[in-house]
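J.: Here this note's numbering is used: the first residue of the sequence shown is 2, the next is one more, and so on.
Treat the hints with care, as some may be off.
To be verified - Here are the simulated DSS-like pairs of lysine-lysine, each with C-alpha atoms no more than 27 Å apart in a straight line: (1) K75 - K6; (2) K75 - K3; (3) K43 - K4.
Quick caveat, the hints were computed from the structure, so don't treat them as lab data.
From a predicted model like this one, the values you see are computed outputs, not experimental measurements.
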Amino acid sequence: MKKWKGITEKRIHMGTFDFDVIVLVGEYKTALAYVSWKLDDKDTDLKLYDMGNIPRGKYFSRRGYAPIIWIPRKPKTAREHATYAHECLHVTFHLFEWANIPITRDTEEVQAHALAHLITNGLLK
Numbered sequence: 002m003k004k005w006k007g008i009t010e011k012r013i014h015m016g017t018f019d020f021d022v023i024v025l026v027g028e029y030k031t032a033l034a035y036v037s038w039k040l041d042d043k044d045t046d047l048k049l050y051d052m053g054n055i056p057r058g059k060y061f062s063r064r065g066y067a068p069i070i071w072i073p074r075k076p077k078t079a080r081e082h083a084t085y086a087h088e089c090l091h092v093t094f095h096l097f098e099w100a101n102i103p104i105t106r107d108t109e110e111v112q113a114h115a116l117a118h119l120i121t122n123g124l125l126k
């Protein structure tokens with residue numbers, strides 16, 4: 002794990018898929034600055050999508066870049082674990098799109114393992 006201006010950054014490699022995911026933990030405003038920098042998108046005001054609210058968690062993506070999950074702190078409550086899992090599910094859709102794998106009943110088990118990998122290797126370690 003690395004620190005960036007007060008937020009923690011953890012990179013998760015998705016094993017068989019040559020694909021990385023970035024998980025950020027820390028203050029939302031700082032995380033937005035990191036996301037703008039990391040996704041080379043300094044022109045988009047990321048706060049516009051939140052309608053004035055600070056979300057419980059957030060998923061950011063841009064084609065050609067590693068997807069980013071942000072949460073305010075390492076999950077402690079059931080609600081916080083659920084939020085992290087929710088954001089991880091968004092990432093599995095990004096992963097499948099990147100790998101050109103349709104999400105169907107035939108690929109459900111692969112998606113479930115990808116989700117478990119993100120949750121297990123993310124913030125619980």
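J.: Work down the list of hints and note, for each, if the structure agrees.
T.: Hint check results:
Distance hint between K75 and K6 is fulfilled; the C-alpha atoms sit about 17 Å from each other, no more than 27 Å. Distance restraint check for K75 and K3: the Cα-Cα separation of roughly 14 Å lies within the 27 Å cut-off, and the hinted pair is therefore satisfied. Our distance criterion of 27 Å between C-alpha atoms is met by K43 and K4, whose separation comes to about 21 Å.
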